[in-house]
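Residue numbers (numbering that gives the first Met the number 0), protein chains in the order written: chain L, 0 to 187; chain E, 0 to 586.
Everything labelled a hint here was simulated from the structure, so no lab data went into it.
All values derive from a computational prediction rather than experimental measurement.
A virtual CB, placed ideally from N, CA and C, is assigned to each residue, including glycine.
Don't take each hint at face value.
[As the list claims (entries may be wrong)] Beta-carbon label-pair distances, calculated as ranges:
id, chain 1, residue 1, chain 2, residue 2, range
1, L, Asp7, E, Glu217, 35 to 41 angstroms
2, L, Asp131, E, Asn280, 41 to 47 angstroms
3, L, Ile83, E, Val516, 35 to 41 angstroms
4, L, Ala14, E, Asp409, 57 to 63 angstroms
5, E, Glu408, L, Ser170, 29 to 35 angstroms
6, L, Ile83, E, Ala213, 49 to 55 angstroms
[To be verified] Below 25 angstroms or equal to it, Euclidean Cα-Cα: the simulated DSS-like pairs (lysine-lysine) are:
id, chain 1, residue 1, chain 2, residue 2
7, L, Lys18, E, Lys44
8, L, Lys71, E, Lys23
9, E, Lys241, E, Lys261
10, E, Lys4, L, Lys129
11, E, Lys46, L, Lys59
12, L, Lys59, E, Lys44
13, E, Lys23, L, Lys175
14, L, Lys18, E, Lys48
15, L, Lys18, E, Lys241
16, L, Lys79, E, Lys42
17, L, Lys3, E, Lys44
18, E, Lys48, L, Lys61
19, L, Lys129, E, Lys23
20, E, Lys583, L, Lys175
21, E, Lys4, L, Lys79
22, E, Lys44, L, Lys79
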Amino acid sequence: MTSKELADMMQRSPAECHKALVREYGRYVYAIVYNKLRGCGTNEDIEECVSDVFADIFMKCKIDISSENDIKYLICTVAKRRAIDSFRSLTAKADHIADTDEDNMRELVSDFSVDEHVDRSELRRVLLDKIDELGEPDSTILIQKFYYNRNSNEIARNVRMTSAAVRTRCSRAMEKLRSMLVEAGMTI
Amino acid sequence: MKDEKIFDILENAENDSMDRLIDKCPEISDEQLDRILVMSERKFKMKDKETTRAKKDNIKVTENNVVEGVDRVRRPAWLRPMSAAASLILVIGIIAGSTALIKKGSKKPDSDHLVTPAATTETSTGTETVTVTTGTAVVTTQPVTENSTDPFSISELVGKWLVESSKYNETIMIESDGTYAIHRENGDIVRGTVVTGTEEIGGTVHNTVNFYEAPNGEFSFGGYYDRNDPDVITIGNGGEEKLVRVSNDGNNSNTSDSDLNKFVGNWTYQIADGNTTVQENPKFAGTIYISEDGTFTASKIWGHYLGGVVTVNPSGGYVNGQTVPTLDFHNGDSASDEILLSLWYTEDNLNTLYDGNGGSARLIRGFTAENTPDVDINALTGEWTYQIADGNTTVQENPKNAGSITINEDGTYTATKIWGNYTGGIVTTNPNGGYVDGRNVPTLDFHIGESDDIILSAWYTENDIDTLYEGKGDSVRLVRDKANSSSLIDEKSLAGTWEFQLIDNTHFSSAPLKYVVINGNGAYDYTDPEGNSGTGTYRIDTNEDINDQKTTVIYFYQNTYLAFEGHYDNSNPNVINIDNGIAKLVR
Chain L
0 MTSKELADMM QRSPAECHKA LVREYGRYVY AIVYNKLRGC GTNEDIEECV
50 SDVFADIFMK CKIDISSEND IKYLICTVAK RRAIDSFRSL TAKADHIADT
100 DEDNMRELVS DFSVDEHVDR SELRRVLLDK IDELGEPDST ILIQKFYYNR
150 NSNEIARNVR MTSAAVRTRC SRAMEKLRSM LVEAGMTI
Chain E
0 MKDEKIFDIL ENAENDSMDR LIDKCPEISD EQLDRILVMS ERKFKMKDKE
50 TTRAKKDNIK VTENNVVEGV DRVRRPAWLR PMSAAASLIL VIGIIAGSTA
100 LIKKGSKKPD SDHLVTPAAT TETSTGTETV TVTTGTAVVT TQPVTENSTD
150 PFSISELVGK WLVESSKYNE TIMIESDGTY AIHRENGDIV RGTVVTGTEE
200 IGGTVHNTVN FYEAPNGEFS FGGYYDRNDP DVITIGNGGE EKLVRVSNDG
250 NNSNTSDSDL NKFVGNWTYQ IADGNTTVQE NPKFAGTIYI SEDGTFTASK
300 IWGHYLGGVV TVNPSGGYVN GQTVPTLDFH NGDSASDEIL LSLWYTEDNL
350 NTLYDGNGGS ARLIRGFTAE NTPDVDINAL TGEWTYQIAD GNTTVQENPK
400 NAGSITINED GTYTATKIWG NYTGGIVTTN PNGGYVDGRN VPTLDFHIGE
450 SDDIILSAWY TENDIDTLYE GKGDSVRLVR DKANSSSLID EKSLAGTWEF
500 QLIDNTHFSS APLKYVVING NGAYDYTDPE GNSGTGTYRI DTNEDINDQK
550 TTVIYFYQNT YLAFEGHYDN SNPNVINIDN GIAKLVR
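Just chain E, with the same shape it has in the complex (with noise of 0.2 angstroms):
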């Protein structure tokens, strides 16, 4: 049985077992207790404002309510002569109206001043339609009933409605796709969808309009339109709430590509640290990369990398009164995916976007001084050549060799041949110190001595750290000395496929593997001796200290296993150790 095999068996313990294996549970790390509290308080406030929401909506009289007293109402003393009065108007309205009407109908036409029209055309404005009849013609105007031909559908309602309540100060957004959008006072969306449709009280055929929230799709309120009337629907039967239409514009119309362009880069997500605002005390959160195809990835949000799809919504928040515009991050590669992440922001300042009331988390536009890239200073160690174009070329298709610089662990460098009489100082990273393509890159300052005037600001990306350019990357250039660096490796070095030979089989009584296959990608698929296959990711530490020397070290992983480890090492490019030479890859 495998090692970790063994260890299988105490899956799923009983409390006694339990508490000896909390005991010898290493410790997590600070920042993996920040990742997990920032998950634990946005799962903690989405289920709050669930339950506020459900108990707003669910207050019901039960049989132990007791309504008690007399409501003693006193009636005004005219208001019987007033009905009365009223009464006989409408009852001779009635009579007057008959009688005119059987003496229209009885009139027959004058068939001598009909004329044949020579052309009719047929234009319909939504509220009436409008017969034109041309040549010497007869003119007839006809108001549209509710009993017009034309369904009625969701594109009469589609724009932006406002609620006219004594209880709400919202907006709703009713998009031509049928979906719509309650902003609330408290900056709270709510999303569903609207269906249309026509109900036969009495007689006479009224168009409703529905609304189903989302997710569950239950009926949350509903209204009648009457096409005489377009910009109002009336809510439920009384009539007292109504939508009063503000504009004809949907979301869908108003979105377009630029206004996502404005957003393109790197973003720092960051929250309030502690009982304060995040303007007081930011804390780094996360980060997220905004590309121009309208895709996002996030990194530590979500404890985990994820990625989908970014919107504009130009009417997605409401904050002091105001509607105002929201970038919304989906979970998936559709728009009506469900939304992450909802940030709203105003015209005036693209460079921040604020979260809820704006005070417990924001979107900065660039890297923060925490948030240093994956890249570090240790990884740029090493010998440089410093390159420049030859010619009026480009350093790419000409260089020159114009120096070369070392640059040591304890943060400092010296030169050779570059600057004169410049010849070392310190050097330090700054995360957000370059813009390149409509994104912010790392670069790595050289200082003049150890004083803050910096003599060359080269900048990278996490991709490619054996190049660093300066300026726009054409004219000069630092190129790793591969030769003379420590033993730095990337993955696509390690691509190929290796098999795996058994040296000492006292941990192993057969080989567990027969061939792996790493893809230079991070994943690696393996197959056994008995032919089954499997795929499992492999990281790369190439900083190990081991016996006091650095040492390339590649996990190699199964679904959370660490299957096995293997030391590498430069000089022997086609084999990799197995666990301390119980085994060895070989390519």
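Next comes chain L alone, as it looks inside the complex (with noise of 0.2 angstroms):
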């Protein structure tokens, strides 16, 4: 769906429009905020900041749309975003404040580490490469499996197969994905 094509639509009916946005990237606005949510929020959580992402669009959209390039760029943005703040707030901890002195604030450094930030970001690469690499639809199974937690039922609808046979698979798949990570050097 181009900017232009939301404008008009916008014009035309702006309730089909803030359907069709949300039947067009529901899914991907899920996905962002499922990623940055997933630890931290529930169920609930999650739709609630899903909604907030598409109460922002729908609004930026009232305004103007037309002159947006990229509009999948845009969605991308303001989920992103908006689910940093949700995580930001659901993870909010009562002791923000706690005294201190000259000397011990020498001694605070930021608990962010560039090695380890870099270190994940190649185990998240490896592992997805890994999880590639079993093929379809074993890949599917367990992302949405282990990564989604979705249960066998759910999934077998997803990649139209039996509950039963999503079981076996993802049992199988498993082993499989564990040993190619071993082999890749990964510790499990």
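Fit chain to chain and form the complex, with the hints in mind.
If you want it as structure tokens, here you go:
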């Protein structure tokens, strides 16, 4: 969907435009938000955040959307920004304020480690490469089972298999992935 | 490392990894997308309203605004002599008045005629104080001025006020608790607090009334209140706008339990589907149950189950130039909590409540066809025993078996001994078929053959799907024959302490859990081998098809994670097999 198409649709019927946006980009936004909130939010928190993203997009559409070059890029940016906001509010702790003196201040360092960040990023790529090497539908089954936390029934519907077959394949694929990761030098 | 822990690395991914994860994201169901759309629309409308209002309130002259030209004003010719004459009259008046006052003050009282009063009572009416002296009495009446000793308080302002202005057509409700609600012409309601005080201008004390808007407490507008004119609050200094009292009744005094009792029961929330009205194309958007104790529970409307208190505001809405009552749903246990939904209604139709202008959303009494309750016909299949009351008692006290009914998965039933010739037909569910204890309940309707004629309409509640009742529920019932029914279990039958036993260490190098305590209400507590404890939730699926067999699967969640899943068999009720036999929970 281009921004021009979206602007035209908005002029014809804002309600239809909103509906089309959610249908077209709902899964996309959900995946982005899920990636940020997976570890700290419930399903309801994730849905809440997705609806916040679309409310922001609807506001943008009302003002002017035609100048946007890439609507998908805009949605991605809004989704990431919103998800980070939600992450912060969900993980906010009560003890924001702590007493400290000047000597202690010198000892305080950022908990962000560049090395760790690079390592994690590399591990992520290796893991995704290895999962892709398993081929379809095993890669989708593993990601949906262990990353998206879907049960066998739900995965079975997505990959058009019986849930029993999904369980069997999942078990085998996990074994295979495990040995592939060991070969690649990843400790499990 | 546990399998799912490996996948935690994928969180907070950068763009290229993110794209790969998006490709494998499961499809989002239409129901979930609809829910997201409804929530988004609601949030968008609120934001839009806020933005419009903020723009309206913040029109300022900036340095780019240029004013040009000359505004010529001609004063009427008669104004000058008229002003001179008025000044002269004023001067004469002051002189005459002063002289009279001086003369009056110099006159000594005639002490011979004074009588000592027998008793004195004081009556305060708010506008004047009358001192009545009995016996051979002297009566004096003294008007109360702004310097009255009674402190100015909010109680004097309680009631409904009409804004007299050329710009707005609004009413303001001031409550005894110091809150106010402005009902705008377009249906919007603005709430806040009223603060009373005094202000001295040129030696005279004036009563001030200031309105602060919720939730930020920003000053909205203010005015002056004169006790000699108790039904008027003048706004600002000019006095062009004023509030005129319409009635002295606050909402709090008008709201009674009986108002709320009219709404007790199940309700369905509908929104307009597409660019139409809710009357033309209603679309199911959730349910609300209003309880007798003034609370509500809602599902799906706000994306998740939510509850709070519900209050009646006799003049909460403003529709078609008239004030209408509203039912307000609060996000919390107090009437002062944020209002999530304010729906208006008219006394002549208490079965439909409307949102906004009435075209976008509504709440209708009972369930609708789209709103099938959680219990469907598949959960009611199996063998049932038809029982009637034996003798002049209730079926609960003396049940007597009078036949049996088999409900099949294809939506048919066969009956024996109950209705003579009628031995079977179709069976349908009616989500809104019964009305028991002030709420709608679903019914299971047994038809004569495939006709529309219903021979038995048995109601049930979602909490107990093992007993169906007819009528009031004390003369006839259907009881599920558990021995012959499919492997239906409920949460309570799983309650207890279960030990986690590892069978196959392929997936787990050691048992991740030690004990699981199932509480029987959808939650469980667990203890790991190190002695750490935590809680999670579980869900039972009694109808999962595994190897062409109906199996009961229990899904155990920790936060959003599906921690593990187990198979349960009625024939071995003290064991739950975990993840294809790699472990088991033993009761």
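Okay, the hints, checked on the actual structure:
{"no.": "1", "hint": "L:Asp7 - E:Glu217: 35 to 41 angstroms", "result": "holds (40 angstroms)"}
{"no.": "2", "hint": "L:Asp131 - E:Asn280: 41 to 47 angstroms", "result": "holds (45 angstroms)"}
{"no.": "3", "hint": "L:Ile83 - E:Val516: 35 to 41 angstroms", "result": "holds (37 angstroms)"}
{"no.": "4", "hint": "L:Ala14 - E:Asp409: 57 to 63 angstroms", "result": "violated (40 angstroms)"}
{"no.": "5", "hint": "E:Glu408 - L:Ser170: 29 to 35 angstroms", "result": "holds (30 angstroms)"}
{"no.": "6", "hint": "L:Ile83 - E:Ala213: 49 to 55 angstroms", "result": "violated (29 angstroms)"}
{"no.": "7", "hint": "L:Lys18 - E:Lys44", "result": "holds (15 angstroms)"}
{"no.": "8", "hint": "L:Lys71 - E:Lys23", "result": "holds (18 angstroms)"}
{"no.": "9", "hint": "E:Lys241 - E:Lys261", "result": "violated (37 angstroms)"}
{"no.": "10", "hint": "E:Lys4 - L:Lys129", "result": "holds (16 angstroms)"}
{"no.": "11", "hint": "E:Lys46 - L:Lys59", "result": "holds (11 angstroms)"}
{"no.": "12", "hint": "L:Lys59 - E:Lys44", "result": "holds (13 angstroms)"}
{"no.": "13", "hint": "E:Lys23 - L:Lys175", "result": "holds (19 angstroms)"}
{"no.": "14", "hint": "L:Lys18 - E:Lys48", "result": "holds (20 angstroms)"}
{"no.": "15", "hint": "L:Lys18 - E:Lys241", "result": "violated (45 angstroms)"}
{"no.": "16", "hint": "L:Lys79 - E:Lys42", "result": "holds (18 angstroms)"}
{"no.": "17", "hint": "L:Lys3 - E:Lys44", "result": "holds (23 angstroms)"}
{"no.": "18", "hint": "E:Lys48 - L:Lys61", "result": "holds (13 angstroms)"}
{"no.": "19", "hint": "L:Lys129 - E:Lys23", "result": "holds (15 angstroms)"}
{"no.": "20", "hint": "E:Lys583 - L:Lys175", "result": "holds (24 angstroms)"}
{"no.": "21", "hint": "E:Lys4 - L:Lys79", "result": "holds (23 angstroms)"}
{"no.": "22", "hint": "E:Lys44 - L:Lys79", "result": "holds (22 angstroms)"}
Hint compliance for this structure: hints 4, 6, 9 and 15 are not met, and every other hint is.
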